[in-house]
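Asks: Sequence:
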Amino acid sequence: MIIKERKYPISIQKLEAILRRLPKKPSFSSKRALIEEELLKQKAGYYGEQSLDYHLRFLPDKKYFILQDLRLANKYGFFQIDTLILSQSFLVILEIKNIKGTIYFDDNFNQLIRSSDGKEEGFLDPLLQIRRQQSELMHWLSNDFKNFPEIPIETFVVISNPSTIIKSTTNNTFLKETVMHGTLLPQKITDLGKKHPPKIIPMKQLKELAHKLKKMHVVSNPDLLKRFDIKKSELVKGVYCPKCHSLPMLRKNKAWLCKSCSYSLRDAHIESLKDYALLIGPTITNRQLRDFLYLSSRTTSVYFLKSMNLKHSGNTKGRVYELHFS
40 MIIKERKYPI SIQKLEAILR RLPKKPSFSS KRALIEEELL KQKAGYYGEQ
90 SLDYHLRFLP DKKYFILQDL RLANKYGFFQ IDTLILSQSF LVILEIKNIK
140 GTIYFDDNFN QLIRSSDGKE EGFLDPLLQI RRQQSELMHW LSNDFKNFPE
190 IPIETFVVIS NPSTIIKSTT NNTFLKETVM HGTLLPQKIT DLGKKHPPKI
240 IPMKQLKELA HKLKKMHVVS NPDLLKRFDI KKSELVKGVY CPKCHSLPML
290 RKNKAWLCKS CSYSLRDAHI ESLKDYALLI GPTITNRQLR DFLYLSSRTT
340 SVYFLKSMNL KHSGNTKGRV YELHFS
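Every position in the sequence shown, counted from 1, becomes a number in our numbering once 39 is added.
Check each hint, because a few of them may be wrong.
[To be verified] EDC-like, lysine to aspartate or glutamate: derived pairs with alpha carbons at most 20 Å apart: (1) K139 - E160; (2) K139 - E76; (3) K215 - D145; (4) K253 - E75; (5) K46 - D108; (6) K101 - D230; (7) K238 - D268; (8) K43 - D183; (9) K350 - E361; (10) K139 - D156; (11) K246 - D108; (12) K63 - E247; (13) K293 - D230; (14) K206 - E134; (15) K82 - E44; (16) K270 - E44; (17) K80 - E134; (18) K246 - E193; (19) K64 - E193; (20) K215 - E134; (21) K243 - D100; (22) K238 - D262; (23) K43 - E247; (24) K270 - E75; (25) K350 - E310; (26) K64 - E75; (27) K313 - E273; (28) K271 - E361; (29) K233 - E216; (30) K80 - D262; (31) K276 - D306; (32) K80 - D164; (33) K80 - E160.
Honestly, the hints are just simulated from the structure, not real lab data.
Construct the complete structure from the given sequences, taking the supplied hints into account.
Replies: Structure, rendered in structure tokens:
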């Protein structure tokens with residue numbers, strides 16, 4: 040049973056919004072290249088995790104609780120787990136990697152090397168990552184769920200791309216037992232059920248843990264404008280076209296019209312207000328809305344805000360609206 044589902048990451052949404060609103064000038068070309076590279080990397084990771092979720096459907100629904108993309112607080116800040124599986128006999132941490140080509144686990148220097156198209160690239164050793172996650176989860180359980188009995192915490196590194204070739208510089212038994220392609224995961228988890236004593240934890244207590252973990256999850260919301268040294272004032276304003284992504288669209292005959300492809304849409308402003316929420320802030324005033332959308336009519340902006348049924352505070356003149364989009 041999936042207790043916490045994986046959602047499209049805010050960091051990816053922010054990167055996409057930045058690319059839409061980054062000026063297309065030579066002075067921004069180097070930043071655009073870095074952002075595009077980061078977006079490709081994060082999307083690959085997300086889609087790799089999604090593809091693995093398919094294989095987890097083959098597990099008995101009533102026997103396991105699954106939490107996807109879990110981020111918990113610790114004394115250093117936070118630790119993140121791609122997928123956590125709970126059972127009455129054991130817990131499983133999954134570190135998911137979507138890497139193409141041939142990957143080598145280098146035991147000598149604790150690194151992962153990817154070879155593709157004649158090039159080599161180094162990555163952090165995922166075996167070290169899962170050991171650290173295992174330690175952090177054990178510590179979290181002992182502090183935040185004190186009555187929870189001792190239970191084995193297993194760890195797997197799952198390679199989501201089925202065409203990836205996995206190699207090792209040494210004959211490492213631990214690596215062979217820990218690293219696998221996604222198709223093998225359901226069988227590996229089934230085998231763990233035979234390895235460990237049945238029902239160490241009562242089902243009621245396991246459910247309590249699953250729901251507490253979900254409640255304690257902290258959404259990651261990084262300041263990517265700061266990371267890429269982009270000022271809010273440098274972002275291009277206006278309503279962007281959902282068809283060709285050019286901006287700004289023009290307000291004409293109660294609809295938004297794209298100057299580039301002539302596409303017309305009545306509520307195109309909603310997606311652009313999502314960009315505002317992602318990059319500028321979660322609240323907006325009538326004046327800020329008109330400024331960001333290049334909208335001259337206060338009557339129209341008031342209509343937009345009312346029609347979206349946004350929560351608000353303050354009096355009519357200084358009213359502030361909350362931009363929360365599911």
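Asks: Does each hint hold? Answer for all of them.
Replies: Hints versus structure:
1. K139 - E160: 11 Å, holds
2. K139 - E76: Answer holds: K139 to E76 is near 16 Å, not above 20 Å.
3. K215 - D145: Within the cut-off at roughly 13 Å; holds.
4. K253 - E75: 31 Å, violated
5. K46 - D108: 8 Å, holds
6. K101 - D230: Within the cut-off at roughly 17 Å; holds.
7. K238 - D268: Status violated; Cα separation ~52 Å.
8. K43 - D183: 19 Å, holds
9. K350 - E361: Roughly 5 Å between the alpha carbons, so the hint for K350 and E361 holds.
10. K139 - D156: OK: K139 and D156 at ~10 Å, within 20 Å.
11. K246 - D108: Measuring from Cα to Cα gives roughly 18 Å; hence the hint holds.
12. K63 - E247: With a Cα-Cα distance of about 51 Å, the restraint between K63 and E247 is violated, given a limit of 20 Å.
13. K293 - D230: 62 Å, violated
14. K206 - E134: Judged against 20 Å, a Cα distance of about 18 Å means the pair holds.
15. K82 - E44: 17 Å, holds
16. K270 - E44: 33 Å, violated
17. K80 - E134: 16 Å, holds
18. K246 - E193: Between K246 and E193 the Cα gap is close to 19 Å, so the pair holds against 20 Å.
19. K64 - E193: 50 Å, violated
20. K215 - E134: 15 Å, holds
21. K243 - D100: Holds. K243 to D100 sits at ~16 Å (cutoff 20 Å).
22. K238 - D262: Measuring from Cα to Cα gives roughly 43 Å; hence the hint is violated.
23. K43 - E247: Measuring from Cα to Cα gives roughly 13 Å; hence the hint holds.
24. K270 - E75: 18 Å, holds
25. K350 - E310: Judged against 20 Å, a Cα distance of about 18 Å means the pair holds.
26. K64 - E75: The given pair, whose Cα atoms are some 15 Å apart, holds under the 20 Å limit.
27. K313 - E273: 18 Å, holds
28. K271 - E361: At roughly 19 Å apart (the allowed maximum being 20 Å), E361 and K271 satisfy the hint.
29. K233 - E216: Holds, at roughly 15 Å.
30. K80 - D262: Between K80 and D262 the Cα gap is close to 18 Å, so the pair holds against 20 Å.
31. K276 - D306: Judged against 20 Å, a Cα distance of about 17 Å means the pair holds.
32. K80 - D164: Within the cut-off at roughly 17 Å; holds.
33. K80 - E160: Roughly 13 Å separates the two Cα atoms, so the pair holds.
Comparing the model with each earlier hint shows violations of hints 4, 7, 12, 13, 16, 19 and 22; every other hint is respected.
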